[in-house]
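The chain contents come next:
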Amino acid sequence: MSACYSVFGDAMSYKVDKFSLFQAEDNPTAQEISTTYTELTGSKCEIKSINQSPKILYKYTFLASTIWFNGSNYNIHFLHVKLQKSNDNFSSNIVDVPNCLFNISSDTQASADALWKTCTPMFVLENFDSKYLRLVARSYSTSNKARLHTSYHYDGQVNPGNIYYNPSLIVMEL
Amino acid sequence: MAHLEQKIRNYVHHVDTSFAKEVISTTVEYYPGTEVTYTPTPGASKVIYECNYQISWDPDGLGSYPCTRLQYSTDNGSSWTTISGTQMLEGNYNSDNDYLWHNFMYVFVLDSWTGERKLRLSGRAFGSTTEYTIGRSYNTHTSSSEGDGSCPHVTVYSVMP
Numbered sequence: 001m002s003a004c005y006s007v008f009g010d011a012m013s014y015k016v017d018k019f020s021l022f023q024a025e026d027n028p029t030a031q032e033i034s035t036t037y038t039e040l041t042g043s044k045c046e047i048k049s050i051n052q053s054p055k056i057l058y059k060y061t062f063l064a065s066t067i068w069f070n071g072s073n074y075n076i077h078f079l080h081v082k083l084q085k086s087n088d089n090f091s092s093n094i095v096d097v098p099n100c101l102f103n104i105s106s107d108t109q110a111s112a113d114a115l116w117k118t119c120t121p122m123f124v125l126e127n128f129d130s131k132y133l134r135l136v137a138r139s140y141s142t143s144n145k146a147r148l149h150t151s152y153h154y155d156g157q158v159n160p161g162n163i164y165y166n167p168s169l170i171v172m173e174l
Numbered sequence: 175m176a177h178l179e180q181k182i183r184n185y186v187h188h189v190d191t192s193f194a195k196e197v198i199s200t201t202v203e204y205y206p207g208t209e210v211t212y213t214p215t216p217g218a219s220k221v222i223y224e225c226n227y228q229i230s231w232d233p234d235g236l237g238s239y240p241c242t243r244l245q246y247s248t249d250n251g252s253s254w255t256t257i258s259g260t261q262m263l264e265g266n267y268n269s270d271n272d273y274l275w276h277n278f279m280y281v282f283v284l285d286s287w288t289g290e291r292k293l294r295l296s297g298r299a300f301g302s303t304t305e306y307t308i309g310r311s312y313n314t315h316t317s318s319s320e321g322d323g324s325c326p327h328v329t330v331y332s333v334m335p
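Sequence lines, in order, name chains A and B. Under our numbering, the residue at position 11 of the first sequence is numbered 11, and the numbers go up by one with no gaps. Each position in the second sequence, counted from 1, maps to that position plus 174 in our numbering.
For reference, chain A alone in the conformation it holds in the complex (with noise of 0.2 Å):
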C-alpha cells in the first residue's frame, strides 16, 4: 500500500494495488462430468495478492446440460459443485472452501426432465488464505452424469458442432 500525501503532509488518499483477472476459454472441449471430483475447465486461477489476507470475489459462468440419448430417453443431471483452494496449485493441498458448495440438477423424480442451463456462482472470500483457487463438480450417480460448455442442439439442428459458451472467471480482489 501507497499514500499520496498533500504539501502539509496529511493524507490525502490512497491508493491500494490490487489483484484482478478476466479469462474466457475459447471453444473448450466438452466436459462430461460422472461420479469423481473434476476440476470445470477455465475455473482455476492464481491469486496474486500483495496483501495478506485479501477479500476475494470469485465470479464463474458455464453451460450445463442433460445429456439425452434418443426420444425422450435423457440422462437426468445432479452434479454436486464446490470451490477449492491450494497452496501448491492442487499438487497435494486441496481444501475445500467452507460454505461453497450447491447443486444443480433438473428434475429428479421425473423420469424424462431435461434441463440445460448456464450457471453463474458468484462467492466472496473473507481473508482469504492460499493461493489458488478452482471449482469443482461430480454427479450424484453415473445415471446422473452432464454435460459442460457445449451445445448438441441449436438452431433447429441436432449436434452442429462448434457450439460453445466459454466457459468465463472474473476474479477481484476488493
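Since the hints were derived computationally from the structure, they do not count as laboratory data. We treat Cβ as the ideally placed atom computed from N, Cα and C, and that holds for glycine. One should not assume that every hint holds.
Claimed, not checked - Listed below are the simulated SDA-like cross-link pairs for lysine to any residue, each with C-alpha atoms no more than 20 Å apart in a straight line:
(1) 131(A) / 301(B)
(2) 181(B) / 57(A)
(3) 181(B) / 117(A)
To be verified - The calculated label-pair distances, taken between Cβ atoms and stated as ranges, are:
(4) 98(A) / 270(B): 37 to 47 Å
(5) 217(B) / 71(A): 49 to 59 Å
(6) 55(A) / 197(B): 16 to 26 Å
(7) 213(B) / 57(A): 42 to 52 Å
(8) 51(A) / 213(B): 43 to 53 Å
(9) 50(A) / 202(B): 26 to 36 Å
(10) 322(B) / 57(A): 45 to 55 Å
(11) 197(B) / 127(A): 41 to 51 Å
(12) 122(A) / 197(B): 25 to 35 Å
(13) 250(B) / 143(A): 47 to 57 Å
(14) 92(A) / 286(B): 37 to 47 Å
(15) 270(B) / 51(A): 33 to 43 Å
(16) 250(B) / 98(A): 28 to 38 Å
(17) 71(A) / 302(B): 17 to 27 Å
For chain A, the structure is supplied; the task is to place chain B on it using the hints.
For chain B alone, kept in the frame of chain A given last:
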C-alpha cells in the same frame, strides 16, 4: 495489478423501461432490451458484457429451447455477426406439460476492439414446439393473470491490461 478504478473503466448500464414481453419463435430475433452501443476504453484488453433476463414457458408447456447468442454490429445495426463462444441452447423438456420459468445470467469476457460497436442478444426456439416468451411474468400480478416482467438488465465495461 492495479487499483480497481484503474483496471475497470467505462461502465455502461442498460435498463429499458419501455420493454414489452415478446414471444420468440423459430426465426432468429433480437432479444428486446439487450442492445448496447459501446466503445471500449482505448488500450483495454477485454470488454465484459453481462446480462440478466427471464423467459417463461409460454406458449409451449412441454418445454422451452432458447438458442441464444451474443452478436455485434459495426454498421449501426444494419448487419450482425455472432461472436464465437457465446452460443448456447438452454431451457427444459418434459414429456408432460412442465410450465417452467427461467432466469438467466450471462457473463461474456470478450477481446477488446477499436471504435464503436453495437452488442445485443438474439435467439430463436429450437423448434416450433419449444417456443418461449422473454420477459413474461406471472407473480407480479395479484390476480390470475400475467404480464410484462422484468426487462433484461445489461452492464458493459472495459478491462485495462
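Hints numbered earlier in the text: which of these fail when held up against the supplied structure? 1, 3, 6, 7, 8, 9, 10, 15 and 16
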